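**Student:** Given these sequences and hints, build the entire structure.
2 protein chains.
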Amino acid sequence: MPAPSNLFGGIPTQLPDELEELLAQGRRFRLKRIVSRGHNTDWYHQDENEWVTLLSGAAQLEFEQQTFVDLAPGDFLLIPAHCKHRVSWTDPRTESVWLALYFD
Amino acid sequence: MPAPSNLFGGIPTQLPDELEELLAQGRRFRLKRIVSRGHNTDWYHQDENEWVTLLSGAAQLEFEQQTFVDLAPGDFLLIPAHCKHRVSWTDPRTESVWLALYFD
Chain A
48 MPAPSNLFGG IPTQLPDELE ELLAQGRRFR LKRIVSRGHN TDWYHQDENE WVTLLSGAAQ
108 LEFEQQTFVD LAPGDFLLIP AHCKHRVSWT DPRTESVWLA LYFD
Chain B
48 MPAPSNLFGG IPTQLPDELE ELLAQGRRFR LKRIVSRGHN TDWYHQDENE WVTLLSGAAQ
108 LEFEQQTFVD LAPGDFLLIP AHCKHRVSWT DPRTESVWLA LYFD
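Chains A and B, in that order, are what the protein sequence lines are. Numbering-wise (my numbering), the first sequence opens with residue 48 and increments by one. Numbering-wise (my numbering), the second sequence opens with residue 48 and increments by one.
These are computed hints drawn from the structure, not numbers from a lab. Hints are not guaranteed to be accurate.
Same chains, same label: a pair holds when it works inside one copy or across any pair of copies.
[What the hints assert, rightly or not] As a list, the in silico SDA-like pairs of lysine to any residue whose alpha-carbon atoms are at most 25 Å apart: (1) Lys79 <-> Ala147; (2) Lys131 <-> Gly85; (3) Lys131 <-> Ile58; (4) Lys131 <-> Pro51; (5) Lys79 <-> Gln112; (6) Lys131 <-> Pro59; (7) Lys131 <-> Gly57; (8) Lys131 <-> Ser52; (9) Lys131 <-> Gly56; (10) Lys131 <-> Asn53; (11) Lys131 <-> Trp90; (12) Lys79 <-> Asn53; (13) Lys131 <-> Pro49; (14) Lys79 <-> Pro51; (15) Lys131 <-> Ala50; (16) Lys131 <-> Phe115; (17) Lys131 <-> Met48.
Being a predicted model, the structure only gives us computed values, none of them experimental.
**Tutor:** Written out as structure tokens, the structure is:
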């Protein structure tokens, strides 16, 4: 019988870098949990599509031409392959837990 | 620029049946949102693997030999293909929102 784990568990007290873990993988996708706490990222220019949702915390994505999207828990969006973007802000006071599904 | 939707939004007041919606699809997977409110299901005996998480509410899965797994928000598990299971209970007082990723 499969035993459950929890998406909000197993988060270290200190997070010098974003935490990134593979949750499931198929032939044409990878599902990851990402945990941020005040982190932001460089620009991504991915060859894969990314379906992403923020499950806790608060975050902001930046797209080209200084376009910003604020994310609250439950918000999800599809970032098509080659759509340049970055995480411009995550709440420094709490964990932002993301689920990201990468696929071609 | 992609615009976000919310996993906890767009839930009808009345849910005579579980609500099931396709969120993303690739060549070898389907990602669905399922919303239950007091529903249970018949037995599933799937040809696909299912990675599933409960995002809100409360639910119970039943596996063979009367084995039960209680799920709280954030709990996730992988149900391998052909692992017989059913949703034996969901909280009738609130929405149980699931994310389910089916893949081969």
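**Student:** Work down the list of hints and note, for each, if the structure agrees.
**Tutor:** To see whether the hints hold, each was checked on the structure:
1. Lys79 <-> Ala147: both (5 Å within a copy, 14 Å between copies)
2. Lys131 <-> Gly85: Cα proximity of Lys131 and Gly85: one copy only (21 Å, versus 42 Å across).
3. Lys131 <-> Ile58: For Lys131 and Ile58, the Cα distance exceeds 25 Å both inside one copy (28 Å) and across copies (32 Å).
4. Lys131 <-> Pro51: Between copies only: 16 Å across, 35 Å inside.
5. Lys79 <-> Gln112: neither (28 Å within a copy, 32 Å between copies)
6. Lys131 <-> Pro59: For Lys131 and Pro59, the Cα distance exceeds 25 Å both inside one copy (30 Å) and across copies (35 Å).
7. Lys131 <-> Gly57: The answer is neither: 31 Å in one copy and 29 Å across copies each exceed 25 Å.
8. Lys131 <-> Ser52: For Lys131 and Ser52, only the inter-copy Cα distance (20 Å) is at most 25 Å; the intra-copy one is 33 Å.
9. Lys131 <-> Gly56: Neither. Shortest intra-copy (31 Å) and inter-copy (27 Å) distances fail the 25 Å Cα cut-off.
10. Lys131 <-> Asn53: between (31 Å within a copy, 22 Å between copies)
11. Lys131 <-> Trp90: For Lys131 and Trp90, only the intra-copy Cα distance (7 Å) is at most 25 Å; the inter-copy one is 43 Å.
12. Lys79 <-> Asn53: Classified as both: same-chain Cα gap 13 Å, cross-chain 19 Å, threshold 25 Å.
13. Lys131 <-> Pro49: Between copies, since 11 Å is at most 25 Å while 38 Å is not.
14. Lys79 <-> Pro51: both (16 Å within a copy, 19 Å between copies)
15. Lys131 <-> Ala50: Only across copies: Lys131 and Ala50 sit 14 Å apart there, 38 Å inside one copy, limit 25 Å.
16. Lys131 <-> Phe115: within (12 Å within a copy, 44 Å between copies)
17. Lys131 <-> Met48: Classified as between; 10 Å across copies, 41 Å inside a copy.
In the structure shown, a violation is registered for the earlier hints numbered 3, 5, 6, 7, 9, in ascending order.
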